[in-house]
Amino acid sequence: MAETEALAPLIAVVGTDGSGKSTVTADLLKALRADGRRVELCYLGLGTGDLGNRIKRWPLIGPLLEGFLSRKAGQARDKDAKIPGLATALVLYRYSLVRRRRFLRTLALRRQGVTVLTDRYPQVDVPGFYDGPALSAARAEGWAVRRLAAKERALYAWMAEHRPTLVIRLNVDVETALARKPDHARPLIQRKVAATPLLRFSGAPIVDLDARAPYAEVLAAALAAANRALAAA
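Sequential numbering of the sequence shown, starting at -9, is according to the numbering used here.
To be clear, the hints were calculated from the coordinates, so they are not data collected in a lab. The beta carbon of each residue, even a glycine, is placed where N, CA and C say it ideally should be. There's no promise every hint is true.
As the list claims (entries may be wrong) - What follows is a set of in silico ranges between Cβ atoms, one per label pair, in the way DEER data are often shown:
(1) Asp25 - Gly75: 32 to 38 Å
(2) Arg136 - Glu165: 37 to 43 Å
(3) Ala134 - Ala203: 44 to 50 Å
(4) Val88 - Lys20: 22 to 28 Å
(5) Ala134 - Arg170: 35 to 41 Å
(6) Arg129 - Ala203: 27 to 33 Å
(7) Asp163 - Ala206: 17 to 23 Å
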């Protein structure tokens, strides 16, 4: 861990879109609080999907603008492409600063002795998407873009050094994920499903759950894993 100070436990719930992580996290929070624990929920994603849906609803220009932004973001995720200009790099870097602000809140809570449950967690194993550094997949050309990419890599490395007490990883196949999230793009879901087993979170303990199982079983397994981790912390 990056800091020598004692921190309260942190349990991260991760998985691709359609794995049920937000639902599991919300219900896990209720169950842990029911046992009298002081637990807070922190969202460590960016909410860019919801933002895109809101932009689509803008009159006249919404669909065109959302499509343009999606193409730019997609190019930044492509290791065979280059980051499409300084303006795009600045937007993506700003998103990373948003994540940093949310991450700092988790640290503040843990320093106060509060157990933290997170929906998502920053990682450095898979760049370009999936809560990883956005500017480290495609080529960074130009001094300013390279500088932003280097600063963002350092930021994610710092966050990743703070290993969770436990990672609950929800695994799901592409068809199940798309059935639950029919508005999501198949290629990105495919990439996320393939990347899920590659996420190591700096060696943090990981419990893998089959998110295709009946929901009650998934939640019970997640709660059992969380209780074991908290008892040992």
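Do the hints match the structure? See the list:
One distance hint, 32 to 38 Å for the beta-carbon pair Asp25 and Gly75, is violated here, with the actual separation near 51 Å. For Arg136 and Glu165, the Cβ-Cβ distance of about 39 Å falls inside the hinted range of 37 to 43 Å, so the restraint holds. Roughly 48 Å separates the CB atoms of Ala134 and Ala203, a value that falls within the hinted 44 to 50 Å. Under the hint 22 to 28 Å, the C-beta atoms of Val88 and Lys20, about 27 Å apart, fit the expected range.
Separated by about 40 Å at the C-beta atoms, Ala134 and Arg170 satisfy the suggested range of 35 to 41 Å. Between Arg129 and Ala203 the beta carbon distance is about 41 Å. The supplied range of 27 to 33 Å is therefore violated. Under the hint 17 to 23 Å, the C-beta atoms of Asp163 and Ala206, about 20 Å apart, fit the expected range.
Checked against the numbered hints above, the structure breaks hints 1 and 6 and satisfies the rest.
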